[in-house]
Amino acid sequence: MSTLDKLADFELDVLKEVGNIGSGNAATALSTLLNKPVDMAVPKVSLVPFEEVAERAGGAEELVMAVFLRVEGEAPGNLFFLMNPVAAKKMLRRLAAMEVEEDLEYSDMELSAIGEIGNILAGSYLSSLADLTKLSLAPSVPAVAMDMAGAVLVYGLMQYGEMGDTALLIETKFLDGGEVLDGQFFLIPDPESFSTIFRSLGVPLE
Amino acid sequence: MIQQQVVKVGMADLNIALDGSAIRTTGLGSCVGLTLYDAEKRIGGMAHVMLPNSSIAREADFNRAKYADTALPLLIEEMQKAGARLGRLSAKMAGGAQMFAALSANDSLRIGPRNVESCTAVLASYGIPILAEDTGGSYGRTIELDSGTGILHVRSVQQGTKEL
Numbered sequence: 004m005s006t007l008d009k010l011a012d013f014e015l016d017v018l019k020e021v022g023n024i025g026s027g028n029a030a031t032a033l034s035t036l037l038n039k040p041v042d043m044a045v046p047k048v049s050l051v052p053f054e055e056v057a058e059r060a061g062g063a064e065e066l067v068m069a070v071f072l073r074v075e076g077e078a079p080g081n082l083f084f085l086m087n088p089v090a091a092k093k094m095l096r097r098l099a100a101m102e103v104e105e106d107l108e109y110s111d112m113e114l115s116a117i118g119e120i121g122n123i124l125a126g127s128y129l130s131s132l133a134d135l136t137k138l139s140l141a142p143s144v145p146a147v148a149m150d151m152a153g154a155v156l157v158y159g160l161m162q163y164g165e166m167g168d169t170a171l172l173i174e175t176k177f178l179d180g181g182e183v184l185d186g187q188f189f190l191i192p193d194p195e196s197f198s199t200i201f202r203s204l205g206v207p208l209e
Numbered sequence: 002m003i004q005q006q007v008v009k010v011g012m013a014d015l016n017i018a019l020d021g022s023a024i025r026t027t028g029l030g031s032c033v034g035l036t037l038y039d040a041e042k043r044i045g046g047m048a049h050v051m052l053p054n055s056s057i058a059r060e061a062d063f064n065r066a067k068y069a070d071t072a073l074p075l076l077i078e079e080m081q082k083a084g085a086r087l088g089r090l091s092a093k094m095a096g097g098a099q100m101f102a103a104l105s106a107n108d109s110l111r112i113g114p115r116n117v118e119s120c121t122a123v124l125a126s127y128g129i130p131i132l133a134e135d136t137g138g139s140y141g142r143t144i145e146l147d148s149g150t151g152i153l154h155v156r157s158v159q160q161g162t163k164e165l
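So the sequence lines, in the order shown, correspond to chains Y and Z. Sequential numbering of the first sequence, starting at 4, is according to my numbering. Sequential numbering of the second sequence, starting at 2, is according to my numbering.
Isolated chain Y, as found in the complex (with noise of 0.2 Å):
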């Protein structure tokens, strides 16, 4: 991961801005399904060990809910959206009126609504960051699975496997101050996708 290493801080700012651009988009789209303020944290952005991914979302046993989006077009990627099952169940009974049961049982439909939030800000995370840098980025058909942290969160990091045993992370959490929510935004460009947005962006290549 030879080019990896060399990013230099002010690359790695410039992924910060692209993820707080991104997730400030889809916070606000958040903040208008949800009817209610949605504050984010500032955007981390750094190298990280395949074993420390999963630590990042609370670790490799912790149960998730998992919205899983591979980013198609010119900047390839993938993009997670994470939350707590509990809390993602009190967002269903709030954004989608659904009669939920308080547990961690959930039906298709439940899952299928889950996934098509998952949609929507990431639909928004993309669109931002295609007007920011001019490229085509288009998700892919949400898949949504609830287990375990680190059995999900390897399908992010498969481009990586092939060179080395870190992958570049561009986090960002959602607050709401309350219980509602508790999400968590996991964008995982693959590694040649990083000259492309340096260059969109107007940021010189050694």
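Heads up, a few of these hints could be off.
[To be verified] With a Cα cut of at most 30 Å, we get these calculated DSS-like pairs of lysine-lysine:
1. Lys47(Y) x Lys9(Z)
2. Lys39(Y) x Lys176(Y)
3. Lys93(Y) x Lys47(Y)
4. Lys176(Y) x Lys9(Z)
5. Lys9(Z) x Lys82(Z)
6. Lys9(Z) x Lys163(Z)
[Stated by the list, open to error] Derived coverage of chain Y by chain Z (criterion: at least 3 residues anywhere in the stretch with Cβ under 8 Å from a Cβ of chain Z; other residues may be distant):
7. 49 to 60
8. 157 to 171
[Said to hold, decoys possible] Here are some chain Y residues the structure puts well away from chain Z; computed CB gaps all over 12 Å:
9. Glu20
10. Glu102
11. Asp134
12. Leu178
13. Asp185
14. Ser196
15. Leu204
What the hints contain is simulated information worked out from the structure, not anything from laboratory work. Every residue gets a Cβ at the ideal spot worked out from N, C-alpha and C, and that includes glycine.
Position chain Z against the provided structure of chain Y, taking the given hints into account.
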């Protein structure tokens, strides 16, 4: 009662366990937890295999524990250093799930089944019998091998715990 010692194996990592200690790895999705056991010496080994074949490696000096075809020989070496014998080894494995069934049309996301196929083939090439496996499905697993008994505990969110 004395607390049982647990050796932890990370993603794309491998290790061995001796003297009745346990060895575990957490959150296996498409990855395969490949375990070997020498019943006579009570030596257990475990690899958390991420990818099927090292031929795709683009780095010169890659992590051998990451790929099925390079992890097994390395694990055997480590166990032999601890006194195990190839002829006495038997295998159990778990994992290789397809977490996102909706995306199974995409070949790169069929990585779980491909990992299982590759592990099975590599074990066969060393003549190591597979005593049990809990592979496939669409759920994550945490596994723990007891080096005292050779029992492999497999835990998942939906299915609870089973013993292999």
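Discussion item. Tell me the hint numbers this structure goes against, listed in increasing order.
Written reply: none
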